[in-house]
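In the order they appear, the protein sequences are chains G and B.
With the first letter of the first sequence counted as 1, position 166 gets the number 171 in the working numbering; the numbers rise by one all the way through.
With the first letter of the second sequence counted as 1, position 445 gets the number 868 in the working numbering; the numbers rise by one all the way through.
Keep in mind that the hints were calculated from the coordinates and are not lab data.
All values derive from a computational prediction rather than experimental measurement.
For each residue, glycine too, the CB sits at the ideal point set by N, CA and C.
Each hint can be trusted.
One side of the interface only, derived from the structure: several residues of chain B facing chain G at Cβ under 10 Å:
1. 427
2. 438
3. 441
4. 449
5. 452
6. 454
7. 457
8. 459
9. 461
10. 463
11. 465
12. 468
Mimicking EDC-like on lysine to aspartate or glutamate, the simulated pairs with C-alpha atoms at most 16 Å apart in a straight line are:
13. B:595 <-> B:617
14. G:305 <-> G:42
15. B:637 <-> G:42
16. B:613 <-> B:836
17. B:639 <-> G:42
18. B:486 <-> B:902
19. G:297 <-> B:457
20. B:520 <-> B:542
21. B:639 <-> B:626
22. B:637 <-> G:41
23. B:783 <-> B:935
24. B:822 <-> B:912
25. B:502 <-> B:528
26. G:56 <-> G:41
27. G:305 <-> B:642
28. B:911 <-> B:830
29. B:531 <-> B:542
30. G:305 <-> B:631
31. B:543 <-> B:496
32. B:484 <-> B:904
33. G:301 <-> B:457
34. B:799 <-> B:748
35. G:297 <-> B:456
36. B:637 <-> G:43
37. B:913 <-> B:830
38. B:817 <-> B:748
39. B:907 <-> B:617
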Amino acid sequence: MNNQRSFFFNVDWLTVILYLILCIIGWFNIHSAIFDEEHPSIIDLSTNYGKQFIYIISALVLATVILLMESRFFSALAPAVYVITMILLVVVLLIGRNVGGNQAWISLGGGFRLQPSEFAKFATCLMLARYLSGTNIKVTDTKSFLVAAVIIGFPMVLIILQPDAGSTLVFCSLIFVLYREGISPLFLIVTALVIALFILTLLLNQNYLILGLVIAALLLIYFFRRNQTLIITVVAGFVISITMIFSVNFLYHNVLKQHQTVRIDEWLGITTDLRGIGYNVNQSKIAIGSGKVWGKGYLKGTQTKFSFVPEQSTDFIFCTVGEEWGFAGTLTVLIIYLILLFRIVFIAERQRSNFSRIYGYGVASVIFFHVFINVGMTIGLVPVIGIPLPLISYGGSSLWSFTILLFILLKLDSNRMGII
Amino acid sequence: MNSFFERRYVILGIFIVIMLMLIGRLFYIQVIDDKYLAFAQNNVLRRFIKYPDRGAILDRKGKILVQNEHVYDILVTPKEVREFDTLQFCKLLQIDKKGFDQRWEKAKKYSYFRSSVFEKQLPARLYNSFQEHLFEFPGFSVQPRSVRNYPDSVAAQFLGYISEVNDQTITKSNGYYHPGDYIGISGVEKAYEEVLRGQRGVENSLVDSRNVKKGKYMDGRYDTAAVAGERLTSSLDIRIQKLGEKLMQNKVGSIVAIEPATGEILAFVSSPTYDPNELVGRERGNNISAMYKNPYSPLLIRPIQAYYPPGSSFKPLSALIALQEGIITPQTTFFCAGGYQAGGHWVGCEHYDGVTNLRKGISQSCNAYFCNVLNKVLNQNGAKNTTAAYLNWKKDVNKFGFGVKLDVDLPNEKRGLVPAPARYDRTYGKNHWRANTIISMAIGQGELLATPMQMANIECTIANRGFYYRPHLIKAVGDKDIIKPEFKEKLSVGIDSVYFHPVIDGMQDVVERGTAVASRIPGIVMCGKTGTVQNPHGKNHSVFVAFAPRDNPKIAIAVVVENAGFGASWAAPIASFIVEKYLRDTISRRPSGINPKRYMEASLLPALPGSLPKLNPHLPKDSLKKNQADSNKKSIRSDSDKKKSQIIKIAALKPKKKDE
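Excised from the complex, chain G in its bound form (with noise of 0.2 Å):
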């Protein structure tokens, strides 16, 4: 270590624990979920858990390197990665490799491949990083909000051309950032408000709703009737609802594709087909519900191994965590998270810099989205939406962006006391 104190002086080590840890459950569970019997060593190549030891391997070296590298770089490079990653998402959308509907992978030869989207998150949080912390930049002001905006929304729009709605929707989890840097409250919750909207829309009976509407609007001007503002707010919050709930009945059957509409049924219940598009999720439900509280212990599952849970090994992965370790494992997994997110908010508060601390905010919030809405997906508390659960679903490019998300803010910090 002496010899390298000089690199890795300062270096937060529980994060790089945590994160070493999740690697850890991650590839075991990868090679249960996809155990072959023919090759059951965990480090054998031909398979995909042997794969993901390499991955693993690649992205501790990354690691490595981007320690190793100056501090100062990542706010100076910052807009050309995004300009960079911004090409190369123009380009995946010319000559990329259509993989499961989704047209999101470019092609490096020898059976690797690239998915520009998943280095857009970081790219994205350096950017808004680099743009937020710039002099005179306050994102109350409303150019400043805009651009930050702008900065959020153009990778979004590539992304959806693919289309590729889950990973398109983790950029609004920056909307944390965003709040963190003083945005108005409301923003959040107008947000909720939108989605709770939106849900109850599909949900019940339009007419009902906008006499629910009425009758609330009524009563919340009789008791503001003393404060004109309060009352212009509450008409304008009404209509805008209205409109709402008109539009979404135009989003959903006109804008969303039907098999997004048709997983928006299923999770809400309107719908139920265990058979066709509500069997992943069933599936999943009962993979890691089978696990009760010990689980069946690690290569015992049923569900997973004998290909009743899809994506076992990706989006699914969490059913093997569920159903091989019970509650006891999901409980656990879900608390490293915890962990890992206080720690890097942590970290980020403890900056000097606002570069630091914005992207920190940006790392926790790219991370936190990712396990809610894997997580929840297979228990059905979200619609099924196909994005990885950090650092644990099989997969180089996922892995490989969490790394340098994570390892570009361990960076930040190690030198926090410097200035960039």
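Following the hints, put chain B in place on chain G, whose structure we already have.
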């Protein structure tokens, strides 16, 4: 650090709330809700039943009566079916397009995803050509199973048959039987169902999402092997069974032969019979409904279900009871004036026998002699005590297994009939009936009804000089040849053995110089008794009972041929062929010139005019009803013009005199 520092707590709060939501939900589905575990097992666990082979049934020498043959069920999974050449498919299975469509609809209705039986029990011959083309028919598969096979096609009613269990049986079995299982419905198959069926095995397998077996559950810890059913050794002798069936073809009736020393049933012929193989395989449905429609009801198990008055074959029993009671001695004589005057009516004999003792009474089948005997028996305590005397007599008769169930090891055995006094009280009024009122019982007519099995059993008792073993069909169960204890129990009929000798003398005379002299077997001393049983609906039934040889008897037999006339002309020769075949394994030339060929070829099936009462195919109707009618006074009266000119006024049947 900027002014929005506090907001980190909001963000962390959101993180915690969302994580708690996930954890709460996980806690619910993993810890509280048990249904997912059940669903999971439902997903991967499959119980495969391993069917045991049903036990084989052998004859007493080890020849196979029933064994298992392999056939093939064709299964279909509609979801996996792709386009194929239906014409060729139908040709291979030998079904038509309409039948194909019906089966296809049925399979789809059952389940689109799960396999069901498309065609049952394809014989090996068809299967061989079909399986060469199986790959051309995706979605179809084959499942071997075993069915019963009868190499000699004999003893159908004895063996009985098996059939798919019905819903009622499934419910009653407390989960033992499942739809599609087979169960014994009649005969030995039913009586010994629990021994024959064996023990099913279970294999708990894991399957993947495509229902492909992936290995055993818990390394087979909960699996059980199928245990084949026990082999049964029956007491039947296939040689005489076959001969009996041949002799009885185109006739209605029964042959029952029993080994007196053991009670083992040697022959069990019920005619008309059928080929038991007809109740197996694809044509089973058609065959069985044809059998139900057959007016001669081949499914009726005549040896234990058909009722006949024993007629003159009852006389030895009648004599034995009187001897035991001390009413007569072998030297007691009665005078036969060609008949017996019973109060106001006359029971005629066909001979004028004059002074008749026991031996002569039996050998000449003198009705007058036996009417006098019964009269004395019933009047021993005075005419007023007839009822008590009758009850006593009835008890003695019952001891021979007559009028009570013999508890043969076959289901649905009938008990026969020796009427209770109450029946006469009802008909004639209490104490208004006397010995002469019911005198036709003396010669085995009247209300008396017996099954051929009971008739043969009486011969066993006489052959044994006073006891019998419960007649049974199965002498050994399994490889260890275990004999059921109830079949080793010696049952005494309460008559001292000394009284048998004069009766047996008389029976020997029947064959040597009496009514059945034409059926004498050179070199074998057979003791027998003919019976010609009156039948108001047609020709008399021909009955013969016998045992042989006289000393150390090896076989007791009862033969009933319906509508055949005299006992001596049909039943006695048939019995003699079987006795000789059993004792010597060959049939010699008879001095009387009779030979089996003529008896095999003769057709004595009663005509089936519309005038016959409609037959209920499920019941032993033809013989039962007709013969019960015999004991009904009205029908007897209408029938009485047949024989003698006397007017019959009371219930006693006008019996035929001696058989000749």
